[in-house]
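Q: Single-letter residue listing:
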Amino acid sequence: MISNPAAKPVKHHLLSVLVENKAGVLARVASLFARRGYNIYSLAVAPTDDERLSRITIVADAESAPLEQVVKQLHKLINVIKISELDPLDSVEQELMLCTVNADAASRSQIVELAGIYDARIVDVGHSDVTISAADLPARLDDLEDLLRPYGIVMVQRTGRVALPKLDRAPTR
Amino acid sequence: MGEPTTRMNGSEALIKALELEGVEVIFGLPGGCILPVYDPIIDSPIRHVLVRHEQGAGHMAEGYAHATGRPGVAMVTSGPGSTNIVTPLCDAFLDSIPMVVITGQVPVAAIGTDAFQECDTIGITRSVTKHNELVTSAQDIPMAVRQAFLLATTGRPGPVLLDIPKDIVDPQNANSAMDWYWPTDAEVVASMPGYKPTTKGHPRKIKEAAELITQSTRPVLYVGGGILKARAADALRELAELVEIPVVTTLMARGAFPDDHDLCLGMPGMHGNYTAVTAMQESDLLIALGSRFDDRVTGKVPDFAPYAKIIHVDIDPAELGKVRKPDVPIVGDARLVIEELVRVLKASGAPENQPDRSEWRQTLSGWQEKFPLSYEQSEPGELLKPQYVLEQLRDLSPENTIVASGVGQHQMWTAQYWTFRHPYTWINSGGLGTMGFSVPAAIGAKVGMPDRTVWAVDGDGCFQMTAQEMVTAATERIPVKIAILNNAYLGMVRQWQEMFYDERYSEVYLSPDLPDYVKWAEAMGCVGFRVESPEEVGPTIEKANAINDRPVVVEFRTDSSEKVFPMVPPGSSNSAIVVGPGEGEGGR
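In order, the protein sequences belong to chains Y and W.
Take the first sequence: its position 161, counted from the start at 1, is 161 in our numbering, and no numbers get skipped.
Take the second sequence: its position 405, counted from the start at 1, is 405 in our numbering, and no numbers get skipped.
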């Protein structure tokens, strides 16, 4: 995919779902999307500061009207406590990427330099390749991935997106 | 909790919990994994009705819940036991029937190993239950049971399933040991932080609703099954009479408002009567109470009630705007919202402040006169008209008779021709349209309401799907009465093939005399009658009504060419309603 940092994928919706931290809850949430044929684009789940609760961040492909119905159906799940739809403009988002890229003697320094520009770290080094770890905005990770591609990407693993609402900055808002 | 503890095993705890929830009957069938729970049943005051197929247990629990308003309970074993009860779960889910189903499961340690009679019951039933739970510890049983009954009966009611692994109920297994406790209401509520159904309507929205009503000159109360679930029939009547607004009762709401009331327009929808259907089409305000704009009611959605503003009251927020965007959405319990609406209307000056709606009422009564339900009586020597059979059954059965139906033509004719005067006298499968529903549902209703006459109106196709439960009825001495309208066809499918597939009849012929329904009834311990001529109809019904020690099956040989009218052709606007066989493109 050609990255365009200015444009977010248009039909993506960002849902933050607070649920009980129990077996099977993720399956209940996921099957509501599956039943209506909506793809979950990315997903991140982890316990909150309260171990009894987990927060699921869902990036979903959906038109806005049917999404309203999905959100209402999600509310009906007994284990779902709270749902917020996050506006990407009003939230902070991060993804983590691990990327193994070919790095021979000739290209290694360029790759290290590139990683530095993107505040990424080299977390593993092989004879002819390195693994880079970067945590950033999804669009910035897209950019880094594009820039690494000419060197020969061996493997990429990205996490689901996590997001929280932006903090209120009175009195500017 | 915190009191001196009583040691128990999981099976004792499960049965005790059901007793404390007020369960008087369980419909079920034992098997390997649920075996330990069947032992304490012997010593329990709870009645157990042993079914012949687990689907029967589920529909019986539904029929019981329909008739009594109390949650129906079914218990089956793991694997095939639980897969056999999936259809009733889905049926109860779509029709919002309070039901608790307990399924056996293989021991916790064996889950996921493809053990004998193991299946992923939780996974399979996730999308057809309001909630389901795999209980993995005996200590959790009382709380799980309390949660299940609370969920099944509050908010939008529905089926809840508890999957119980064998080891936590087997006294031979150390995992079944537990200390008895009984959670308080507050503890149960606190245990489900995500479950907070809204019951009271928003005051501002109720005020807006009252204002819309007071401006409307062509209003219709569009009431659905939610009225019955909310025990709101009396409140509805008060509202309708206060502002003199006509009422249509959907298939799920038949009986929620008396059919012989001046304001009752009867059933709307695909096979609704002309006045009910057209009143909605021409209305300027639909007051939807516990109804969900089902496709069988709306016809082609963009053309449905095009001039109407919408007040939509439902306990389930997901229903508001799902099909039609309401002008005034109100989330809440139908009874509480209607009572508040009545209060607000009265405070605003109703009924004196209501506009003159005499023209609307004249229009409606004009339609009622011009387009009554009608059919042609059979000529001598011809097969019976199903409508005639139903009129006789209706007129000869005691007041307050409960009637259950299967799914198809006989269901529509019953909904049309029966005169429902009381709530909870009509039991059918509306949302899922489950053929074979009526026999077990009628049995469940009779168990819950033993003093009432219970008739099931069934088709020959439906009867063959669940007839084995007549053995249950005979064995358990549950004297239900079954009227089979035997037209030798899968009648509704035949009707569609006649009307929409150029009379190309594909796989719909069943045979009038194979099986022999009278012999079959007798073989199952029931009294069997066959009726072929109109003169025999009344006397045979009276004979059946007089039998109260055994189930009765009456086979009526009916005319297979008879079709259900009126009909809104599928995919069409409700304005394209075809009133009778002689009229319109669909009727021939």
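Think of the hints as simulated: they come from the structure by calculation, not from any bench.
Some hints here could point you the wrong way.
[Said to hold, decoys possible] Okay, the calculated bits of chain Y under chain W, using three or more residues with CB under 8 Å as the criterion:
#	stretch
1	89-100
2	124-137
[What the hints assert, rightly or not] Beyond 12 Å from chain Y on every Cβ pair, some chain W residues (computed):
#	residue
3	His48
4	Arg156
5	Gln172
6	Gly194
7	Asp316
8	Met449
9	Gln464
Predicted, not measured: the structure shown is a model, and the values here were computed from it.
Note that CB positions come from ideal geometry on N, CA and C, so glycine has one too.
Q: Indicate, hint by hint, whether the structure satisfies it.
A: Structure-based check of each hint:
no.: 1; hint: 89-100; result: violated (count 0)
no.: 2; hint: 124-137; result: violated (count 0)
no.: 3; hint: His48; result: 29 Å, holds
no.: 4; hint: Arg156; result: 8 Å, violated
no.: 5; hint: Gln172; result: 26 Å, holds
no.: 6; hint: Gly194; result: 4 Å, violated
no.: 7; hint: Asp316; result: 7 Å, violated
no.: 8; hint: Met449; result: 31 Å, holds
no.: 9; hint: Gln464; result: 32 Å, holds
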